[in-house]
Every structure is written in structure tokens, then in C-alpha cells.
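Asker: Below are the chains, spelled out letter by letter.
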Amino acid sequence: MNHSAAEVLAVMAARQLRGVTSLFAGVGIPLLAAALAQKTHAPDLTIVVEGGSIGPEVIPGRLPISTNEMRVAHRARMLPGITDIFLLAQRGFLDVGFVGGAQIDRYGNLNSSLLGPHERPKVRLPGSGGANDIISLCRRVMVVTMHERRRFVPQVDFVTSPGFLGGGDARRKAGLLFGRVSRVVTHLAILDFEEDSKAMRVAALHAGVTVADVRDNTGFELLIPEGIGTTEPPTERELTVLRSLDPDRRFL
Amino acid sequence: MNHSAAEVLAVMAARQLRGVTSLFAGVGIPLLAAALAQKTHAPDLTIVVEGGSIGPEVIPGRLPISTNEMRVAHRARMLPGITDIFLLAQRGFLDVGFVGGAQIDRYGNLNSSLLGPHERPKVRLPGSGGANDIISLCRRVMVVTMHERRRFVPQVDFVTSPGFLGGGDARRKAGLLFGRVSRVVTHLAILDFEEDSKAMRVAALHAGVTVADVRDNTGFELLIPEGIGTTEPPTERELTVLRSLDPDRRFL
Amino acid sequence: MNPGDFVEARRRLEAKPHSAGEKLTTLEAAAGRVRDGDHVAIGGCLFSRTPLGLLREILRQRRRGLTLSRNLMCYEGEWFMAAGAVERVVTSWFGIGLPWGLSRIMREQVESGRVRFEEWSHLALGLRYRAAAAGVPFLPTLTMLGSDLMAAGQAQTMTCPFTGETLCLVPALFPDVALLNVHRADRFGNCQIDGYPHMDVDIAHAATTVLVTAEEIIGDEEIRRHPDRTVIPGIVVDAVVEVPFGSYPHECYGRYEADFSHFDAYVAEITAKGTEAIHAYLARYVYAPRTHQEYLALFGEEARARQARSARELVG
Amino acid sequence: MNPGDFVEARRRLEAKPHSAGEKLTTLEAAAGRVRDGDHVAIGGCLFSRTPLGLLREILRQRRRGLTLSRNLMCYEGEWFMAAGAVERVVTSWFGIGLPWGLSRIMREQVESGRVRFEEWSHLALGLRYRAAAAGVPFLPTLTMLGSDLMAAGQAQTMTCPFTGETLCLVPALFPDVALLNVHRADRFGNCQIDGYPHMDVDIAHAATTVLVTAEEIIGDEEIRRHPDRTVIPGIVVDAVVEVPFGSYPHECYGRYEADFSHFDAYVAEITAKGTEAIHAYLARYVYAPRTHQEYLALFGEEARARQARSARELVG
Numbered sequence: 001m002n003h004s005a006a007e008v009l010a011v012m013a014a015r016q017l018r019g020v021t022s023l024f025a026g027v028g029i030p031l032l033a034a035a036l037a038q039k040t041h042a043p044d045l046t047i048v049v050e051g052g053s054i055g056p057e058v059i060p061g062r063l064p065i066s067t068n069e070m071r072v073a074h075r076a077r078m079l080p081g082i083t084d085i086f087l088l089a090q091r092g093f094l095d096v097g098f099v100g101g102a103q104i105d106r107y108g109n110l111n112s113s114l115l116g117p118h119e120r121p122k123v124r125l126p127g128s129g130g131a132n133d134i135i136s137l138c139r140r141v142m143v144v145t146m147h148e149r150r151r152f153v154p155q156v157d158f159v160t161s162p163g164f165l166g167g168g169d170a171r172r173k174a175g176l177l178f179g180r181v182s183r184v185v186t187h188l189a190i191l192d193f194e195e196d197s198k199a200m201r202v203a204a205l206h207a208g209v210t211v212a213d214v215r216d217n218t219g220f221e222l223l224i225p226e227g228i229g230t231t232e233p234p235t236e237r238e239l240t241v242l243r244s245l246d247p248d249r250r251f252l
Numbered sequence: 001m002n003h004s005a006a007e008v009l010a011v012m013a014a015r016q017l018r019g020v021t022s023l024f025a026g027v028g029i030p031l032l033a034a035a036l037a038q039k040t041h042a043p044d045l046t047i048v049v050e051g052g053s054i055g056p057e058v059i060p061g062r063l064p065i066s067t068n069e070m071r072v073a074h075r076a077r078m079l080p081g082i083t084d085i086f087l088l089a090q091r092g093f094l095d096v097g098f099v100g101g102a103q104i105d106r107y108g109n110l111n112s113s114l115l116g117p118h119e120r121p122k123v124r125l126p127g128s129g130g131a132n133d134i135i136s137l138c139r140r141v142m143v144v145t146m147h148e149r150r151r152f153v154p155q156v157d158f159v160t161s162p163g164f165l166g167g168g169d170a171r172r173k174a175g176l177l178f179g180r181v182s183r184v185v186t187h188l189a190i191l192d193f194e195e196d197s198k199a200m201r202v203a204a205l206h207a208g209v210t211v212a213d214v215r216d217n218t219g220f221e222l223l224i225p226e227g228i229g230t231t232e233p234p235t236e237r238e239l240t241v242l243r244s245l246d247p248d249r250r251f252l
Numbered sequence: 001m002n003p004g005d006f007v008e009a010r011r012r013l014e015a016k017p018h019s020a021g022e023k024l025t026t027l028e029a030a031a032g033r034v035r036d037g038d039h040v041a042i043g044g045c046l047f048s049r050t051p052l053g054l055l056r057e058i059l060r061q062r063r064r065g066l067t068l069s070r071n072l073m074c075y076e077g078e079w080f081m082a083a084g085a086v087e088r089v090v091t092s093w094f095g096i097g098l099p100w101g102l103s104r105i106m107r108e109q110v111e112s113g114r115v116r117f118e119e120w121s122h123l124a125l126g127l128r129y130r131a132a133a134a135g136v137p138f139l140p141t142l143t144m145l146g147s148d149l150m151a152a153g154q155a156q157t158m159t160c161p162f163t164g165e166t167l168c169l170v171p172a173l174f175p176d177v178a179l180l181n182v183h184r185a186d187r188f189g190n191c192q193i194d195g196y197p198h199m200d201v202d203i204a205h206a207a208t209t210v211l212v213t214a215e216e217i218i219g220d221e222e223i224r225r226h227p228d229r230t231v232i233p234g235i236v237v238d239a240v241v242e243v244p245f246g247s248y249p250h251e252c253y254g255r256y257e258a259d260f261s262h263f264d265a266y267v268a269e270i271t272a273k274g275t276e277a278i279h280a281y282l283a284r285y286v287y288a289p290r291t292h293q294e295y296l297a298l299f300g301e302e303a304r305a306r307q308a309r310s311a312r313e314l315v316g
Numbered sequence: 001m002n003p004g005d006f007v008e009a010r011r012r013l014e015a016k017p018h019s020a021g022e023k024l025t026t027l028e029a030a031a032g033r034v035r036d037g038d039h040v041a042i043g044g045c046l047f048s049r050t051p052l053g054l055l056r057e058i059l060r061q062r063r064r065g066l067t068l069s070r071n072l073m074c075y076e077g078e079w080f081m082a083a084g085a086v087e088r089v090v091t092s093w094f095g096i097g098l099p100w101g102l103s104r105i106m107r108e109q110v111e112s113g114r115v116r117f118e119e120w121s122h123l124a125l126g127l128r129y130r131a132a133a134a135g136v137p138f139l140p141t142l143t144m145l146g147s148d149l150m151a152a153g154q155a156q157t158m159t160c161p162f163t164g165e166t167l168c169l170v171p172a173l174f175p176d177v178a179l180l181n182v183h184r185a186d187r188f189g190n191c192q193i194d195g196y197p198h199m200d201v202d203i204a205h206a207a208t209t210v211l212v213t214a215e216e217i218i219g220d221e222e223i224r225r226h227p228d229r230t231v232i233p234g235i236v237v238d239a240v241v242e243v244p245f246g247s248y249p250h251e252c253y254g255r256y257e258a259d260f261s262h263f264d265a266y267v268a269e270i271t272a273k274g275t276e277a278i279h280a281y282l283a284r285y286v287y288a289p290r291t292h293q294e295y296l297a298l299f300g301e302e303a304r305a306r307q308a309r310s311a312r313e314l315v316g
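Protein chains in written order, with our numbering: chain A, 1 to 252; chain B, 1 to 252; chain C, 1 to 316; chain D, 1 to 316.
Honestly, I wouldn't trust all of these hints.
To be verified - Taking beta-carbon pairs under 7 Å as the criterion, some of the chain A residues facing chain C (in silico): (1) Leu79; (2) Ile82; (3) Arg124; (4) Asp133; (5) Ser136; (6) Val159.
Simulated from the structure, these hints should not be mistaken for lab results.
The beta-carbon is built from N, C-alpha and C at its ideal position, and this holds for glycine as well.
Just chain A, with the same shape it has in the complex (with noise of 0.2 Å):
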């Protein structure tokens, strides 16, 4: 089955919430993800949606379109106040989040803020949202994201949201003690940190994809390991799933 970059970046961010219990989840992309999951292989997975929405479902054709509308509400067990469902993440009860932003280096920090400099930024971005705590707040945090040149850069201009900081310990030295980027999933590549350095390793390649593609579409040097494997293509029951739940293709 042919299929989109998005289709491949909401199939393989599926994929990794298998056995995970909770998940703080975004509009788009993430919730699609999750939906996903919650259809195939993770029945039992509790969507938390920072709007204030715990344990909504997704109707089909008709996707939330911010994390505080009533689409997300749809079928949900409990709606929190959004400081309340924060705490939730803050106390530990969140096993993962997913997060992007507008840039992202090579230690996994996100700027969703502004481009250029602080004081007079020559675009000013949307702003954090709860991207910053759920980085900083949840057991594990997955950066989806597409792969592009222009959003891997080697530095980015603003730290939103702290992935490792400058690397190595600077993270826990920041007094941020739980949670940490363990995953960056694209529509080329997974990606992860290596374990001392903390700087930015390819995992594994997407069906047809190079190490040449990945290193073209990222403004700074990678970690390529040895004897990186591939990821199972897209199979038809996900792709089926998933346009199931966007018939519109408004995301995918």
C-alpha cells in the first residue's frame, strides 16, 4: 500500500506505545498515533490530552482540532482542569508524552517559541503550550516530528523544552529529575540518545530510506551506529485504521 510521509510518522509513533499504560498526547500527528495504537495493539492504552481529557476516543472523520474542544471530550472518563492535569504528569502518573516543535538539536531540545533573538525575535512562534511539561514531567517523552533540514539544527535559538540541555548530566544538574527524550520519531528515521554524551543517534531507518537521506535532512552531525535495522513498513490493517479515523486526510 502506497502511503504519506504523515502516514509513516503517525504508524511509527503507533508502534511505540505498546505495553504503555498512559499517554499525554497533542492534537494531530499524536492523537492519530494514539488512536491507532489503541486499535490495534494497545487496547488498554488511557489517552491524556492536556485540554483537560482523560480517556476520550477519537470519532472518526470528525478529529479534534486543539486539545480543549469538545471533540476530544467525546466518550472521555474524567475532565480535569488542565493546571490538574498536569500534576498528573508532575506526580508520575504519566507513562509517556509525545511533543514536537519548531526546531529540535542535536541534544533533543525543542524550541516552539521564536526564531532569531530573544528580545526581538524575527518570528514569533505560537509558544510552548504544555510541550515544556510534558518534556519535563513525564516518564518518557517521544519527539514526533517531520525530518527536515530547516527543523534539525544544531543548535535552536530558543530551549523551550529541555530535551539534555548541553548534553552529558546537564539535565538532572538542572533539577529536571524524572523523564527524559527517549525516542525521536520521523517520517525517515527513529532516533534515540546515546547513553554518556546524550547527543543524537539513529536507531533504526524507515523502509527505503538511507543514512544519506536522514544525514541530508539534519542540520547537524548524527550518530550512526553500526548495523542499523529497519523499521517493518506500514502494514495494510494500519494504514486502513488510520485513514479509517481521518477519511478526510485533514492530517495525514
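Starting from the known structure of chain A, fit chains B, C and D onto it as the hints suggest.
Answerer: Relative to chain A, chains B, C and D alone:
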């Protein structure tokens, strides 16, 4: 009309509530006083009870026993959690709080924790409950208590609820920026505190009570200004309303 | 006011005339309590339960020099910027919603330095309101640590006296005025909200003055029948106005879904014509309608009925 | 665990097997998760929504060396003391209720030094649970300052870095186990409470293990119909047991009023016969009944029906 000491206490406490819009009250005489005020000169008074009730109505003959039982929720307008109801006081929303204690000293400090030495008390009393919070956080606090020598002691064995601590600006220095004990209402007199020293002072005697009566029932030297006035005795209307609230005279 | 100045904040609250009596009034009178230079906190979240009725009336009264704070700010932020009413926004996110991309109006105003943009994480901003609601100068948290949001805002770090660990302290945020749209209120200001609570409860307790619109004013017996549904007590509220469809075309949980076609048209106009388009929009939707009824008439009864049906389907 | 040790508390939570699946079990199995020496936090308040079913089962299982914490502790505290099951109580108030005077059992146990009594103000204890629920080591407050409760507990003072004022910091209180009785829960542990919330929500989030009895187990569709009534999410709960009249003869808001005549008899016996009376009471009401049904039978159906009627009159 003949009347009991408890009735005088309830009537005199109720009279302190003229112009008061919100009151933090416990069960027993304080709640009866509040209900009496509501039915006479303070119809807009909102009663707040620490168990988590805002705006309840007292059912005649079915007076609540604790601050957190259903009887205190009768016809309430809101039932917040206990922590949240105290935070209303911390933020400054509560005009007046009523408190009591097993002991009170010349600076209005109250003890409801223990008699004897801290480490090995002779009598372990029930404890603060919300008394410490009410006296620390409400805008103004009135002590409502029977006037007995064993209760009015030179120094409390344990400061459960701080009045003016050692007097002068000791309360302010301890970090208690808001609120203060403004009145002590007893069945013998109304007392207040001298501006600078914060020592307890007789403000008015109830009808038929002499300065000597008050002195006899107080275990420390009270300030007695010149020309102390006398309060109006409980009126027939006050007593009638009060007795209709507690027909079995459980508290009166 | 300095960040976290809980002493000053409480003194303001104590100095304010307050009452446990009735607070029913008009949109005009309620909005009239906002002064030039005030910090106005906006309830709801993005396009959910935005108090648009009050916001439009504040613009009609031509306030200036405001600070607006809101957890996720939607196009009402653009209105105030275009109208020259706001100097500073305090938020964790500013846009209209993912499908509509970056806010062009916000970018122009912020990148040119006309409006200051103070960014906090979503939780950090929530905790700032919550600290204020509790009357304390700060709350400790593990969020924002290590990020550039620390230096951008006024958060501090401290060493925990109990554990020796590093904590982030976010200072309380005390708005002058809170604006809320709720599902139901009684004439004393006791408020009930269905569905998402968002940050409304904390905002109400954090502000000095609390202005509420309610989709419906309910009677004394009704509020007393379900006291456990009340989330904001009347003793913290200063004005209540009955405004059905008070957030329209934004959503109100269970009552009406947001009208995204309106958003599409709004953004398309701005994309095509820039600032001119937003002035035309304000003229038509904010300044021209003399009453809330005239405003609603611009959308038509049929659209409202459709959005109401849609809401019942989603969460009925 | 040191006061406020949020790092250790979070590691315990992370180490615990957890699931989003079903959690329905028996009273016996649920109570079996309590270990000797555990700190057990008790939901409800005084004689309202006390999880008596779970508490009785823990006594039947002869646990020892427990710490009990509760905002206002009622006669269940006496039971654990008389049974020799508790070493330390953390509370703001201990008694049965004003009309019944001081707790004779508690006085004997505490004054003789057999049980340690740690007193906090009502708000301070609530904030300790709330700090733990939020995963932070402390919360700042203005309460307890200047009082002897500061030295008696482990609160600290600090100088506020934003304002220079003195604040009281109360350390988080992380119970090993929380016991709650709620109105309704689904099989995944999502809980709904009517009326007074007391401190149950914070206690549930503060504890490592959360054991819940529900007056009624409700179906999936029912919980999803009113998600805004859910106050504790299933992801924090470990065990759920259906126990109708789970707090009887204490009250459960809207369902049954407390049976004060039972309290009268209980206290009268202790007043007359001292410790012997409480052992007889435990034998009859705690150890003898093999099931919850046998326990309820001791009170009779008529009494339960009367108390249920009474509850509807009060808050129906």
C-alpha cells in the same frame, strides 16, 4: 425573659455580625449565633463551614454535630473541598471567623491541643482542627467562649491558635500579616485588646455582670478602662428565634 | 504590582467593597469596571468558553494599555492588539488553532515591539493563577527548569529545604479583573460549569474583580439542589450578566460547538487583506452591534441551532 | 521516608506495577495490599464517608505498626489504637464529635506514650496531601506561623524570594496507602463523589497505592455520560470493591445519614467499662462478621432504611 449563659453567648456573638458578609463558623454556639444573625440583622450573611459548606441553612431542631456532615450541607450553595475552603480565607475572602479553645491567655492565644508539657501531656485534647487556620487567615476573628477561670489562664500551655503571641507586634513578626483577634465574646462580657500592648481589655459588661464577676472568672489581670458600658440584654425576639433553632436545647 | 506580591493583592481585595447580595447587571456596567492599564485575565481556553461578550464590550468602551493573560490565547488577542488596547500578553500559546497557522496580527505586533509577549509553560501559568488564588506568593514546580522560559519570565530557582533538590518557583499572578463565561449562575454569583473547567476557578480566586457572564441565570432553589456542581462561590464574584451564546462562535461545552467556518472566513480575510481586514471585522462584529442580540443576529439562528445540535452529538 | 521526599515517592510510584485495566476485587484482597508499618491515609472526614469496610478488613488481617493519617479522626482511630495496630497518628483533630467529649481511648494511648500524636492544622494537613498529590516537596502557606504547631511538626519557615515575607512551608505527606469510600466507580477505578469532596482527591494522588470501595459500581457508558463528575481517574487507582453502605454507621452524602444512636451506645459502653468495652465492640463488629453482609446485618435493614430516608430529607 430568663436566659441561660449559653443564650447570652449566642446573642452577643450574633450581634457582632452586623455588616458582616461572610463568616467562618464552627458548629454549636457559633453556628447558632450565625443563624440568629441571619434571621435578624444580617440577612445577607454567607455562612462558611470548614467541612466544606458555603451558604447552608440551619434546620431548627436538627443542628449539626460536626462541621462536615450532611446537616451542614442543607440548602448550601456550594460544597468545596476542605483545603479549598480554607484557601478562601487565606486569599482574604472571609470577613470574620469564630473560634474557641480550652484555654485563652491575655494576648488572645488559644490552646486546644494539650494540657501539661508538650512531650508528655497530662491531657491530650482533640487538637486544632481549623482553629489555627481561622485565626491565622480570616480578616477578623472573634473568640466565642464561656468565661471561666480555668479557661482564662495567664499563659496557655500550648499555642494552638495564635492571638497576639507575646503581645505588641509579635504576631506581625511571626509572619501573620493579615487578620487579628478583634473581640472575645463571653457570657459575662465583650473584651478587646489594647492597641499597643495587645493585652486583653474589658470593652463592655453584660447586664447584671460586675467588673468583680469578670475578674473572679479570669486567671490573669485584665485591663479595665474607665466608664465601661453595658450591653443590651438579649431581647425577647432574639431569644425566641434562638430557641426556635434549638428547641431541644442541645446547645442552649 | 511586583510578581507574587500577595500582601498588596490581599489588601486590594480587602479594600474593595464586597457584598453577599445580588450582582445581576448589564454587559455594559460589568465591562465598565475595567480601567485603562488593568491586567485582565480571560477564562476558558483557546476557542472554548471564551467570554467574548465581555471582551467585545471592553473593546467598545475603548480601554487602553491593558495586559491580557490567558493560558492559550485565540483571536480575541488579535482583536485587542489591532484595536491598540493591549500592551502586554501573558500566555503559553497564541494562535487560532493548528489548521490556521501562525497569527499574522500577533507576529506584526510582537515582532515590531508594539506588544510585549511574556511566555510561560502551560502548567507554569496555571500554577501562577493557582498561587494567587491561594493567596501565596509562589508555588514550587519541576516544570520550566533548564529551559529559556526561566530567564524570559520571572520564575526563580531555589534549593528545597527538605530535600536539597532544585525547584522552580513560579510567582503568583494577580489579575485586576477576571472575565468568565459559565454555564449557569445564580443572582448572587454562584457559578456552575459543565465539562472542561479549564483554569476558570483559579482565575476567579486570583483576581481582585470578577465579572461573569452566564449562559443561563438560575434560581435559588436550583443552585441549592446541586451545590456540589458549584465551582465558584458568589462571595468572590462582583458582577453577573445573563448572556446566552456568550462565547459564540467559540464553543460552550454541551451547549454549542465552535463554528469553524467563521474561523476560516476570518483568517482568509486577514490573509488576503492584512490589518485592514481585522478592522473591518471589528467594525462589523464588535463596534456595530448595539446589543448582544444584534451581535448574534449576524450569525443567524440557523447556524446557532446547528452548532447546538453538534454539541449534543459530541457530549450529550 | 523523610518529609517531603518527592523523589523517593515518585520512584515508588514508577516502580509499582500499574495498569489501565480492570481493578475489581474483594475487600480481603484489597486490604491485603497493606503491609505492617505502612502509612495509611484515610479518606472522608470524621464520621463522613469513612472507608469503614476497608478499615475493618485491615484490622481483621492483624496489621501492626501502622501510621494512620486523617484530617479529623473519628472512632476508627480508637479501634486501631485498642487493637495495637497503630504507632503514630497524623491529624488535626481526634475525637468522635463534640457531644461525646474527649476520646478516652486516645487519651490513654497518647498520654501513656504508646501512640505518637502528630498534630497539624486542618489546612496544613490538607496542603501536605496536596503537595504530595502534585509531586512537590512542600507548599507555602500563611497558616501555623507563630504557633507551637510549627515546632511540634516538621514545618519550616522561609523568607519569600519574591516579597521578603516570612512563609510557612509544610512538607508533602506521601502515604503508602490511601483508603477511600466513594459513591460510584467504574471497574477501571474512575471515581465519582457526591456532596462533600473532603480531601479524598488529594489523598488518592498522594499515596503510592490507592484502595477504593464504592457504594455502587457503574458501567462504562454511565461514567462516560458524566465525565465531569469523575474526580479521581482510574490510572491512579489500584483496587476497587463494591461495598454498599461502605461507611455505615458513618454517613455517606445523600445516601445515608450517620446513626448517632450507635455512637451514643459505643461511647456509653466505653465510659462504663473502659478498654474492655472496645475489645468487646471489635469482637462483635470487626472480627466476628465474616462478610460485609454479616456486618450490616448487625444493624438491621430497618435502621439502614431510616438513615437513608433521613439523608434524602437533608440533601435530596
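Asker: Next step is simple, just say for each hint if it's right about the structure.
Answerer: Hints and how they fare:
1. Leu79: This hint holds: A:Leu79 lies near chain C, its Cβ roughly 5 Å from the closest one there, short of 7 Å.
2. Ile82: holds, 6 Å
3. Arg124: holds, 4 Å
4. Asp133: Nearest chain C Cβ about 4 Å off; hint holds.
5. Ser136: With a closest approach of 5 Å, the A:Ser136 hint holds.
6. Val159: holds, 4 Å
The earlier numbered hints are all upheld by this structure, with none contradicted.
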